[in-house]
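K.L.:
In case you want the letters, here they are:
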Amino acid sequence: MAQITLIEAVTMALAYEMDHDASVIVLGEDVGINGGVFRATVGLLEKFGPERVIDMPLDETTIAGVTVGMAAQGMKPVAESQFEGFMYPMLDQIASHAARLRNRTRGRMHVPAVFRAPWGGGIRAPEHHSEANEAIFTNIPGLRVVLPSSPGRAYGLLLAAIRDPDPVIFFEPKRIYRQYKEEVPDDGEALPLDMCFVLRDGSDVTLVTWGAQVKETLEAADALADSGISAEVIDVATLKPLDFDTIHESVRKTGRCVIVHEAPRTAGFGAEIAARLAEHAMYDLLAPVQRVTGYDTHIPLFRLEMKYLPSVQRIVAAAQQTLAVS
Amino acid sequence: MTIAASFEIEYLQYLDTTGKATRKDLPEFARDLDHMIDLYKTMLFLRVFDTKSIALQRTGKLGTYASCLGHEAVYIGIGSAMQEEDVFAPSYREYGTQFIRGVKPREVLLYWGGDERGSDFSGPAHDFPWTVPIGTQCLHAAGSALAFKLRKEPRVAVFCIGDGGTSKADFYGAINVAGAMQLPMVAVIVNNQWAISTPRQAQTGAKTLAQKGLAAGLESLQVDGNDLIAVRAAMDHALKRARHGHGGSVIEAITYRLSDHTTADDARRYRDDAEVKAAWEREPLLRLRTWLELAGAWDEQREEAWKVQCGQRMDEEVNAYLGTRTQPLEATFDYTYAELPIDLVEQRTAALAAESASH
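Top to bottom, those sequences are chains A and B.
Residue numbers for the first sequence, in the working numbering: 4 to 329.
Residue numbers for the second sequence, in the working numbering: 7 to 365.
The hints are simulated quantities; they were obtained by calculation from the structure and are not laboratory data.
Treat each hint with caution, since some may be false.
Covered by chain B, per the in silico footprint, the following chain A stretches (three or more residues, Cβ under 8 Å) [unchecked claim]:
id	region
1	66-75
2	282-292
Beta-carbon label-pair distances, calculated as ranges [to be verified]:
id	chain 1	residue 1	chain 2	residue 2	range
3	A	Asp33	B	Ala344	31 to 37 Å
4	A	Pro144	B	Pro205	54 to 60 Å
5	B	Gln353	A	Tyr286	19 to 25 Å
All figures in this text were calculated on a predicted structure; none of them were measured in a lab.
Beta carbons: idealized from backbone N, C-alpha and C, even for Gly.
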């Protein structure tokens with residue numbers, strides 16, 4: 004069994020599903036001979052040909068709208084946006100059509116499409132290449148929003164996303180595309196699209212996060228352990244629909260919760276989790292919920308970007324603050 | 007001087023405003039007078055439908071409605087040329103095309119009457135529903151056409167767009183990708199001169215809207231959009247080319263919006279009565295009717311008899327629409343996803359409980 008990175012897991016899932024379902028099509032900018040700017044589609048053109056791996060004219064609106072049209076006619080397009088920051092022109096097609104064609108036609112038509120995009124900051128990229136705008140999409144009815152943070156979860160969740168009959172926004176945390184390798188069997192086994200993953204058991208505080216921030220959050224849990232604090236770490240992975248039960252169960256046990264995300268704070272997805280804790284877990288909580296997030300600013304250019312992204316230190320401090328209340 | 011490229015835009019017309027043929031080479035379909043009578047009758051039904059729909063809105067029995075008054079030749083021309091297996095991606099007033107494709111008048115009324123079931127219509131299941139965000143349907147046609155091309159199906163995707171809609175990125179994107187990939191797609195620009203209050207000349211510096219198609223590498227022409235024969239002939243040609251793998255087309259149909267933009271609009275705020283009056287001289291029904299009458303195929307008596315039949319059919323359609331019960335509250339939830347996620351199950355349960363508590 005091969006040891007692969009997160010981005011190799013994306014490629015492996017695409018290849019597996021294209022191999023098993025002739026209606027699966029990959030389209031985007033430079034996804035063909037170039038294999039994608041991050042190489043997520045490398046080798047697919049050679050294996051499946053130009054009718055299944057389509058280099059589109061350079062227009063995100065076109066890619067999104069054509070994806071809707073193809074999907075409505077029975078194909079399963081997997082559209083790539085080169086960066087999440089380039090998805091704004093796609094929003095009209097995604098929100099007005101991909102997400103609501105099923106509802107608009109009372110189920111007569113639907114859009115089994117996946118919109119993939121490398122997501123988040125921290126790779127010293129140029130302006131507009133580092134956005135984390137998942138909350139824009141989680142507010143849109145009819146979408147699923149997925150953000151895997153390991154090779155295994157990327158593989159299983161992408162398979163599930165392609166197989167799902169509804170549109171899925173699939174964000175890939177590019178900062179950890181090649182962070183580490185793990186064994187991922189190419190067995191076509193999908194993961195559920197509505198389940199959080201408990202990455203580390205703990206009893207004192209629950210750390211909830213997703214995407215590349217899983218790295219810092221796990222490191223924070225290590226640091227907390229050094230000072231005798233047992234932190235549970237949850238990777239939300241499927242933001243919409245949210246598996247709140249897993250989070251609630253953990254908070255019942257720990258009584259404390261820190262939500263970590265790199266997107267801006269106000270109306271970020273952490274706010275949704277905090278609101279649900281307020282609604283359902285008030286009496287389980289021993290301390291106010293803490294959020295460690297990006298600031299309500301645009302992510303700075305790369306000289307300062309690591310100071311914007313939540314650090315291990317900030318996560319540890321927030322966890323300690325929840326423990327200071329008794 | 008070296009010319010890198012040059013081009014011209016054909017203007018196609020068979021019938022002038024007085025109903026006289028402007029050229030001798032009438033297309034084959036137009037020589038079949040029974041067929042032409044059928045098409046004229048469909049146009050007349052469409053006008054009866056439109057008049058009745060506006061009346062329903064004015065009396066509080068319909069929501070905002072987008073009239074198609076003056077566009078009858080365009081829509082019937084398109085609908086009569088298409089095959090059932092082709093895909094139609096409309097904006098929101100192409101009822102004439104849709105009636106030919108099997109959509110029922112009661113379904114149009116249901117849509118404007120605030121019920122999603124109107125878009126689950128009796129037309130082909132692969133046809134797109136009405137599209138309100140301007141121009142977005144263009145790319146759905148392009149995507150459909152790409153699917154047909156990849157699957158090697160001899161089908162064509164047709165979209166309609168207004169003159170204002172050709173300013174949208176989605177329109178440019180659709181014709182661009184259709185040209186780049188030689189997709190079986192036909193774009194019909196229904197140039198009715200007005201995008202609500204903004205006139206055609208304020209949309210672009212281009213002399214014609216058709217020439218936008220040339221820039222994308224599509225075969226492009228203008229037709230008299232009030233001349234059913236011209237629209238149909240252009241559609242027949244464009245569909246045949248597309249179906250045989252020769253690529254897409256842009257047809258700019260020149261017509262006039264004789265109505266307000268919708269029933270929520272008052273066009274007197276921004277255009278002169280004189281212009282509208284002049285446009286009535288060019289309207290599509292009178293022209294075809296005169297041509298049929300000159301050929302001895304139609305007369306006042308048949309006109310009146312058909313209008314009575316149209317009225318009776320509309321009464322049935324209106325009664326069916328008005329008699330359609332409102333969907334239950336759960337319908338708000340049940341078509342959001344193939345399978346309801348847990349959050350929505352909970353919200354649905356709560357909404358139903360709140361509703362039954364209020365009874």
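K.L.:
Regarding Pro144 (chain A) and Pro205 (chain B), is the given constraint of 54 to 60 Å on their beta-carbon distance met?
P.N.:
With Cβ atoms ~37 Å apart, the hint is violated.
K.L.:
Does the region 282-292 of chain A contain three or more residues whose Cβ lies closer than 8 Å to a Cβ of chain B?
P.N.:
violated (count 0)
K.L.:
Can you let me know if the beta-carbon spacing of Asp33 (chain A) and Ala344 (chain B) is within 31 to 37 Å?
P.N.:
The hint (31 to 37 Å, Cβ to Cβ) holds, given that Asp33 (chain A) and Ala344 (chain B) are roughly 32 Å apart.
K.L.:
Are there three or more residues in the region 66-75 of chain A whose C-beta lies within less than 8 Å of some C-beta in chain B?
P.N.:
holds (count 9)
K.L.:
Can you let me know if the beta-carbon spacing of Gln353 (chain B) and Tyr286 (chain A) is within 19 to 25 Å?
P.N.:
holds, 23 Å
Checked against the numbered hints given earlier, this structure breaks hints 2 and 4; the rest are met.
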